[in-house]
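Residue numbers (our numbering), protein chains in the order written: chain Y, 50 to 392; chain C, 85 to 669.
Everything labelled a hint here was simulated from the structure, so no lab data went into it. One thing to keep in mind: the hints can contain errors.
[As the list claims (entries may be wrong)] For lysine-lysine, the following DSS-like pairs were computed, each having C-alpha atoms within a straight-line distance of at most 27 Å:
| # | chain 1 | residue 1 | chain 2 | residue 2 |
| --- | --- | --- | --- | --- |
| 1 | C | Lys425 | Y | Lys276 |
| 2 | Y | Lys287 | C | Lys425 |
| 3 | C | Lys311 | C | Lys362 |
| 4 | C | Lys554 | C | Lys637 |
| 5 | Y | Lys287 | C | Lys554 |
[Stated by the list, open to error] Residues from chain Y shown here face chain C by an in silico Cβ test under 8 Å; the list is partial:
| # | residue |
| --- | --- |
| 6 | Val238 |
| 7 | Gly240 |
| 8 | Trp241 |
| 9 | Pro242 |
| 10 | Ile244 |
| 11 | Arg245 |
| 12 | Pro283 |
| 13 | Leu285 |
| 14 | Val288 |
[Unchecked claim] From the derived model, a few chain C residues whose C-beta atoms are all more than 10 Å from chain Y:
| # | residue |
| --- | --- |
| 15 | Asp176 |
| 16 | Asn178 |
| 17 | Leu179 |
| 18 | Ser197 |
| 19 | Gln333 |
| 20 | Arg587 |
Each residue gets a CB set at the ideal place from its N, CA and C atoms; glycine is no exception.
What follows is each chain in one-letter form.
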Amino acid sequence: MSRPLEHDYIGLSEVSSMEDSEKISSSSSTVSTEEEEKKNALNLKETELRLGLPGSESPERKADARVGISLLGRTVEDKNGYSLSVLKNFVSGAKRGFSDAIDDSGKWVFSGAPSGSEVDLGKGAVLFSPRGGNGGKSLAVLENSNQQPASAVPALKDFVPPSPKPVQDKKPQISAANDHVAPAAKAQVVGWPPIRSFRKNTMATNPAKNNDDAEGKSGSAGCLYVKVSMDGAPYLRKVDLKTYGSYTELSAALEKMFSCFTIGQCGSHGVPGRDGLSASRLMDLLHGSEYVLTYEDKDGDWMLVGDVPWQMFTDSCRRLRIMKGSEAIGLAPRAMEKCKSRN
Amino acid sequence: MASKRQKDSPEEEKKQASSFPDEVLECVLGFVKSHRDRSSVSLVCKDWYNAERWSRTHVFIGNCYSVSPEILVRRFPNIRSVTLKGKPRFSDFNLVPLNWGADIHAWLVVFASAYSFLEELRLKRMTITDESLEFLAKSFPNFKALSLVSCDGFSTDGLKAIVAHCNYRNLTELDILENGIDDLGGSWLSCFPENFTSLEVLNFASLNSEVNFDALERLVARCKSLKVLKVNKNVTLEQLQRLLVHTSQLTELGTGSFSQELTLREYSELESAFSNCKNLYTLSGLSEATSLYLPALYPACVNLTFLNLSDAALQSAELAKLLPHCPHLRRLWVLDTVEDKGLEAVGSSCPLLEELRVFPAEPFEQDVVIGGVTESGFVAVSQGCRKLHYVLYFCRRMTNSAVAAVVKNCPDFTHFRLCIMNPWEPDYLTKEPMDEAFGVVVKTCTKLQRLAVSGLLTDLTFEYIGKYAKNLETLSVAFAGSSDRGMQCVLAGCPKLRKLEIRDCPFGNAALLSGLERYESMRSLWMSACHVTMNGCRLLAREMPRLNVEVIKEDGSDDTHAEKVYVYRSVAGPRRDAPPFVLTL
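Take these sequences, add in the hints, and give me the full structure.
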């Protein structure tokens, strides 16, 4: 698999050779509409590309986290008026399998297994609907159309019977005799754990309960709490997306929340923000290619925050993740310089 | 059981037996309710067989394909209540394709002529269409109770038909639970006629659309015998309070989401409404309940025996505050958001607890999950709840020693269902297989009827099960075992086994065929994603003609491998309604 090319942040981009052109084309078809809505003329094509390297895995990943699919340019227009493009390219096979498996209604596909059960598991029936009331019926449409075990990358963005084949063929990660820590690329199994789909629907339709920032509101329709994780931080936070009106507000809030982690990796996990850190210094740290803000949309794909209109973002964002810039493969040092030079 | 008469001499015995009036025997047998007892009765002699079949009013059919409606009505002429189960249990987890079968309509047609006085129909995992529902409503003038659990194929339009056409004097129960139905709106509820007053059970908790609240309120107000009311999540707290004003005699309540912002006055009205509900035995719903409003419930909990919090993402502190108000709790269902700390509270507050189910709040979450329950919560519950005999426990880690501690505290388990959510997950501390955990369960819990295993398991687990689990009736296995020997041990060693469901295990033809002699004494066997081949299944079918051996074919799979195998005994012969993807061998 060839390494992805570096991208020129002025706007010219080149699609590196990819194994799953199918996926690219399908994903670009969904992203293209978003692209049209983008105001920022820069970074057009870059943002629609997704690169996947089956089998590769960022060494800094936590043991079992889902790995985000690559994203490209970030077009948040911040106070300083530049947009930072970051090319990231990391994926694990199972994550590929996982994200492949998500079609528009968020159905999942099983991918991966130890050798014993490969025959069946390779089929990857798309069976779960993590949300939506039509769990039983709509799922079965897909189930009936299970495909061959060894097909190419599924174009799962198309709803009509997808071929939910997991791309991954590598790493029988769940091998019995191994280390007890579940491998990073955990497979999603059809019909497992044995939970009725109606239960999953119940949880999915309820707004996530807010554990840490205790607020007065109890279950009112106007909140949309999503988890925010930051690489290297010992715990996650939750934010209510409805309390912000734009990307800048969200960005500022997150910076305040997580500033204690960004500033020299401070050991004390004290109250974030508000204690004399200059906003611009924070912005520098976050925008100085140290960290990038990404989110997982309802299809299960990891996207760069800032590409789509705010409203669309809040509708589709399921969780946020502040990723280390160093996790991006091929992130050009000169891209960093470019950003800094624009400061 | 029927009384036994003294046997004097053979001649007298004969005289007595022949002069014993059938009517008396039938009357006596009317008191025999249990199906197994009735089966035993019917085996005594021909007279008793006949007396039993004439006096039976309720029939339970665990597998709708094991018998045909014609055979049923021929044997039992006086049935008033039918319970039918259809699809294999793994269909709950989407392992069975849609349109597999288990359609009730053929049964309804036969019942319409043979059991026109039918009163109750309870279905689980069956398919029922709107047309069937309408047919049902119109064909049985005495119809009283409909219960649909995990069924599919119908929509709320079908409910409209039931509600609108059922005899207004008679319908007492409408129980729609956990079905995959098309929710086309809540207007069905408004179709209850205004003179309709007989309802005793109304459960629409799992329907998602809004119902007309005024219609609901009027319905509840005029149905003075209403005992069970489970509303859906669109009913607000304020509306709930208005309903409760009319229903102080409720024994089971499902509260819907239990969320809203209330004024102080509204809150105290809610509280006093709950104070009047002293007869509640069962409480559920609460899907968005928060610590702010939960205390309003406390007065109603005083007689609770079953608390179902499996929709309510409570935290440990909230649970800890709620439980002391439920001193008589026997059954508790919670989400794992309560964490180990919440389970410690269960252990300390619920000494009478007999059943605990802990469901995962985020079962399909793959990232590091903060929260959830572990082995220590399990142990904590067992320390305080010595009467525990039913457990369903979803967790992400477990240890052999914890399970050993649990069964040491609670040796009377009848149902032990442990689900370690990551397949092949070993003992968290020792990294060894979890064989010893289930070994100690089957050795210690001699009354064990139902077992579900998980985690990293070798054949040793199944050796233990075959050796010790002599009362085991239902076994669920996933991602376990090392070779055919595992399944062979179970089939050879568990004499009371009735249901065996297996997925993703390395069991092949040798294992399948080792059970040749067993399957006719079992209800069914399910094997999916194992190593069984078509030839193995064909061989089984050939050797055992009274079994139905069915293979569910998935598109594009190779022709030698048997993806999903469903084997069951039947007196009705092979299915006549099998869809093309179900091959009967």
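Each hint, compared with the structure:
1. C:Lys425 - Y:Lys276: 22 Å, holds
2. Y:Lys287 - C:Lys425: Cα-Cα ~22 Å, so holds.
3. C:Lys311 - C:Lys362: 12 Å, holds
4. C:Lys554 - C:Lys637: 34 Å, violated
5. Y:Lys287 - C:Lys554: 50 Å, violated
6. Val238: OK, holds: Val238 (chain Y) within 8 Å of chain C, min 6 Å.
7. Gly240: 4 Å, holds
8. Trp241: Where the cut-off is 8 Å and the nearest Cβ of chain C is about 7 Å from Trp241 (chain Y), the hint holds.
9. Pro242: Since the shortest Cβ distance to chain C is 5 Å, the answer is holds.
10. Ile244: 5 Å, holds
11. Arg245: With Cβ-Cβ at 5 Å, under 8 Å, it holds.
12. Pro283: 10 Å, violated
13. Leu285: Where the cut-off is 8 Å and the nearest Cβ of chain C is about 7 Å from Leu285 (chain Y), the hint holds.
14. Val288: Check failed: Cβ of Val288 (chain Y) comes no nearer than 16 Å to chain C, outside 8 Å.
15. Asp176: The claim is violated: Asp176 (chain C) sits with its nearest Cβ about 5 Å from chain Y, within 10 Å.
16. Asn178: 4 Å, violated
17. Leu179: 5 Å, violated
18. Ser197: 31 Å, holds
19. Gln333: 29 Å, holds
20. Arg587: 7 Å, violated
Hint compliance for this structure: hints 4, 5, 12, 14, 15, 16, 17, 20 are not met, and every other hint is.
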